[in-house]
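Protein chains: 2
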Amino acid sequence: MPSPPPDWVKALKPQGPQGSELLAQERAQSNVNVEKLSELLHTKEYLERQEKLLKLLQPEKVFDKSQNHSLGRVERLQRSLAKGKRLQQMAVQYKWDADEYLKANDLIGEPTPYGLHASMFLVTLREQGTPEQHELFLRRAEKYEYIGCYAQTELGHGSNVRGLETRADWNPEDQTFTINSPTLTSSKWWIGSLGRAANHAVVMAQLYIGGKNMGPHPFVVQIRDLETHQPLENVYVGDIGPKFGYNTMDNGFLLFNNVKIPHVNMLARFSRVDKETGKYVRPASPSLVYGTLTWVRSNIVLQAGGVLARGVTIATRYCAVRRQFQDRDAAANSEENQVLNYKMVQVRLLPLLAAMYALHFTGRGMMRLYQENQNRMKASSSTSEDTRGAGPEELRAGAELLADLHATSCGLKALASTSAGEGLEICRRACGGHGYSSYSGIGPWYSDYLPTLTWEGDNYMLTQQVARYLLKSARAVLAGKDAGNDTARILRTYLDRRDKGASFDVLDTDADIVAAFAWRTAHLTFEALKHRDGEKRSWNSLLVDFWRLSTAHSQYLVVKNFYEAVSSPELSSALDPETKTLMHHLFQLYALHTLEREAAEFFSSGAVTVRQITLARTTAVMKLLDEIRPHAVRLVDAWAIPDWQLDSSLGRYDGKVYEDLFRRASQENPVNDFVFDPYPWNEAVLKNEPPKSKL
Amino acid sequence: MPSPPPDWVKALKPQGPQGSELLAQERAQSNVNVEKLSELLHTKEYLERQEKLLKLLQPEKVFDKSQNHSLGRVERLQRSLAKGKRLQQMAVQYKWDADEYLKANDLIGEPTPYGLHASMFLVTLREQGTPEQHELFLRRAEKYEYIGCYAQTELGHGSNVRGLETRADWNPEDQTFTINSPTLTSSKWWIGSLGRAANHAVVMAQLYIGGKNMGPHPFVVQIRDLETHQPLENVYVGDIGPKFGYNTMDNGFLLFNNVKIPHVNMLARFSRVDKETGKYVRPASPSLVYGTLTWVRSNIVLQAGGVLARGVTIATRYCAVRRQFQDRDAAANSEENQVLNYKMVQVRLLPLLAAMYALHFTGRGMMRLYQENQNRMKASSSTSEDTRGAGPEELRAGAELLADLHATSCGLKALASTSAGEGLEICRRACGGHGYSSYSGIGPWYSDYLPTLTWEGDNYMLTQQVARYLLKSARAVLAGKDAGNDTARILRTYLDRRDKGASFDVLDTDADIVAAFAWRTAHLTFEALKHRDGEKRSWNSLLVDFWRLSTAHSQYLVVKNFYEAVSSPELSSALDPETKTLMHHLFQLYALHTLEREAAEFFSSGAVTVRQITLARTTAVMKLLDEIRPHAVRLVDAWAIPDWQLDSSLGRYDGKVYEDLFRRASQENPVNDFVFDPYPWNEAVLKNEPPKSKL
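Line by line, the protein sequences are chains A and B. The first sequence runs 534 to 1228 under the working numbering. The second sequence runs 534 to 1228 under the working numbering.
Incorrect hints may have been included.
Which copy is meant is left open, because identical chains are indistinguishable; a pair holds if it fits in one copy or across any two.
As the list claims (entries may be wrong) - Quick list of in silico lysine-lysine cross-link-like pairs, DSSO-like style, CA-CA up to 27 Å: (1) Lys676 - Lys594; (2) Lys1220 - Lys676; (3) Lys594 - Lys1063; (4) Lys1093 - Lys745.
Since the hints were made in silico from the structure, they are not lab data. Note that the structure is a prediction, hence the values are computed from the model and not measured.
Looking at chain A on its own, in the form it has when it is part of the complex:
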């Protein structure tokens, strides 16, 4: 029924100049070496892996993306499971390592029902199971005989893990646990891969021994029959319904009616119940668990740059192709202007372009710190096993690094994911009307990304952790017990210089920009400390101050990491001087644009003067926009996001924006398979029988 375009339509071209010509022109006007910059950002190995996987995945019909945005949830979920299956088959066939499997998942562009099995279920079994439990559960899970999920969040309990209601009661008589859901709000909820796919779950439940609550612990529970895939008796499980995004994932609910499981099903690497005595054995090293969360958050920071880069790539290319209005000061009959030439568009997009670089380098910095810390912990635990013993100084330094890393990861996770999520929506709007089409590629990506702002610690909740750490650090500095890390350093610097005042030269000296951000953090820290310790204000009344403090501190960390990256010898040797200068401009734009948006805090902390802020806004930022503008397209090209992954008519590398929008609307849109009966007095909605459609 869909009528293919007649010849007179096929003969039509977009009004000139063509998108492909405009992008060619953009690329011609900049000398940025895209290949070198790509390698610096991603490494050569990464780029080769991407190329190799693309060649394998793109031809497979099961990975076709054309109907993703038109289908209902049932069919999307079925197709997504089929994609997950095929990926798993290919992983075995081509012997993919973990990086390859993850990258392949990225490229197909949607979460599948295997998502939480392949990540949290396997990781939890691996990290929290004993060797015996590895044999029993992990081996079969790795072979996808057990498909699992990680069931923590409940209908009435999200952030507050201690509030979980699901119970696991120890039965000394037969050495089992009874898993039970005492209320409706204790239903597990939001659990990825649980709704339709999983036959096992790691269930976080309050462990009770002799009626005494020992806190939440992980239990492996079978929930569906391995043959029929029907729920087991006394298990009520299903999918929680449609969502703002992530609709190819079967987030599920789960209730237990006194289900008995054997002793071995409590994951027992860290804490356990002694089978014979029924005694609770305390966790060996709680800081290890602490470490996993830090790793998860650091990863979110690292990914945030790439998440944002998808939106910025699409919007930048499209705004170079799209032309609208003449410049008001131009000659009367001049051509319409590229939208990217308007300052109002530049001031929205180019700081995001800078932010994606900033977040990327910051994420790398975080991962490096995390690795250092892991190495140090391994070293110190191996020395202590050797009974040579880590001295108390070493242990204290280790604990302090971990606390710093934990706070840093909390604050940066909140800032980075908020920046990326909100940045994507700014990109979408910068695309004007067409940004609203699913074919823009931004909306679906934004919807799927948004949960990141809430999970692994709600972005507002997390800021309390950062504030608590900064208050603690400030108390230590005041007491002369200085941790010797960067946080202590900036607090001390502030105390030392407070009387003299700051007067940083933010307009001309990059290092002074970093110092101004540090100054603001320190100022807000001591203000908050005064309120809490001096004026004894309630914690609740200070939550807004804490949120501001955490944001300020995290912005400092991003600015500092970005500065270190653009000043590093690694970057200098990888890039030509011109591109290196451009990286400095991106740093300055990110920093000064942030400074200008947060002007009130910078001013009232005395870090800069009102005059400096005005100059930053009206002169420095405007000049940086001019400097960066000609290189914008090459700077997004360097992120090397393949067209197939972008899945965007607007963001195509070749600039054939209008041709592609038209092709998809007329040839890939199932709505056009049907002829409607539009008259209200006719009951039927369709004029014709629905064809055996492409659906």
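Given the coordinates of chain A, assemble chain B onto it according to the supplied hints.
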């Protein structure tokens, strides 16, 4: 296949205290007279109409909302057309007037394919057609024999109407027009009701007479056969595909291959082509068209309060039901705290609660101004027809009022729709994880609302109109040619007092808050004027300043309108003193929270001191949150949005949040009708044959 909950599940209740108890408690702690406040906001007639329509609509199966978020686009569109048909049948059966029809559309909760027929198509025929054309087109359109749309935007041309490419060439030989689409980018695009429903279109095309372009004009063109509903020859038309929201609307594309239409098909009330001579006759009164756009924008302002109110109602009720963590300063074993008690939640939600009232009263003020202007124009045109003649003074005053109204509507449309759209997303996030579920009711509403930020003038583009008007006003004031309106007044006040300085008492005097906002507008206006006229800066380099200026001015207008409303005798006589005081608190919260967010501009304009801003943030706003908190639930109740319209588990009036989430997930979720085969080595995705499902 969907297993209904077994008895042990049915017996489960949420952990206490129950949501219904918590909301009862909320309502008990406030004396706000919800009924009185509702009537003040909406009028008694409105509330009765809503009640009456609800009773009619809710029982009709066709309006069932339970599957809306699970279905694919084809089925959603079919169902939506069925809803549109039923509404139209009921409109005739019950003899609904325009208000009733609009309200019924609101209640069913989604745009239907009749949307643009019932609005823009009919309005355009009515306002721009001659009596002959009314006979020919409008009568049949009102009877839904002609289903139409308004085809202006093109694939390559959105905001810039002058850039449209579709041509209408006058053929003197046979007194017809030839409509043609010369390029791919000239395809009409985004046209609501066009994709599948319309058989006619009002097409905006460049009128050419003897090869000379006379600018864009409206033409009525038949596009589909009235019997078969198939496209006519040389017409290529279809739906443009899936979108971020608005998926129940068939936004369409449309191309013409030299289609001839008769002379009478050019809508000719304002300008026309003389049939005999082929001469172009100029528009009688271009300002009337100008008026329609102003009306459309004023309506967006008026609706923005209600749009936001949906999100705020949902989030406020849910945050009163949801409990998470103990207060950190509370006793160790105290119960979890209502989320609404946390300052970090209050500071996000309560300013939005204030904003929805602010926007509502501002919208009313706008509509009043619009009516005054319409009356004045009618009066002056009738006097001039009477040849008694309006004097030049009267005409000038009329033109000035219109210019002021135009600028005001542009700026407020941008501010109001941005505030409502972004506010909804803040509400969604304030609901934590469950905000992401479609059952929250916020996400779908947000997605459907977002185009409002782009259409009827992109919110960034519009700010240029405001700036241009303010620059013009400033030049007039400086030249002593004062328009005598409020804009001139605030500019003059600023000039008079500039040397003495401002020093407004924003913390204690409401009128001074308004004055401080006026001062900031005036300051930014003269700054911009200095850059443009004094320093001869390019228009492009000032776009960011203009955007800030427009935002500042529009915030002033909202603050002023809100202040006038809460100080009005109408409000005083309608409300008890306690509720009246609360309205003043809402005004103060909206104003001071805005002032604090825009602190840098208030400070650098000299409107307030840094000390005042700090106090506003740390003391005044915090105190206002405390004052308003106990009344929050009643203040949203007063908006009287029916549960059926909210379509939200989280925002239910009765607080049965968890019961409803669970019911929908387990009983209304088609995904649970299917059993999947989860094993990657089995090719099939389903274990069972899909049942003849509810879909």
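Verification of the hints:
| no. | hint | result |
| --- | --- | --- |
| 1 | Lys676 - Lys594 | within (25 Å within a copy, 47 Å between copies) |
| 2 | Lys1220 - Lys676 | between (50 Å within a copy, 20 Å between copies) |
| 3 | Lys594 - Lys1063 | neither (63 Å within a copy, 62 Å between copies) |
| 4 | Lys1093 - Lys745 | neither (48 Å within a copy, 61 Å between copies) |
Hint violations for this structure: numbers 3 and 4, all remaining hints satisfied.
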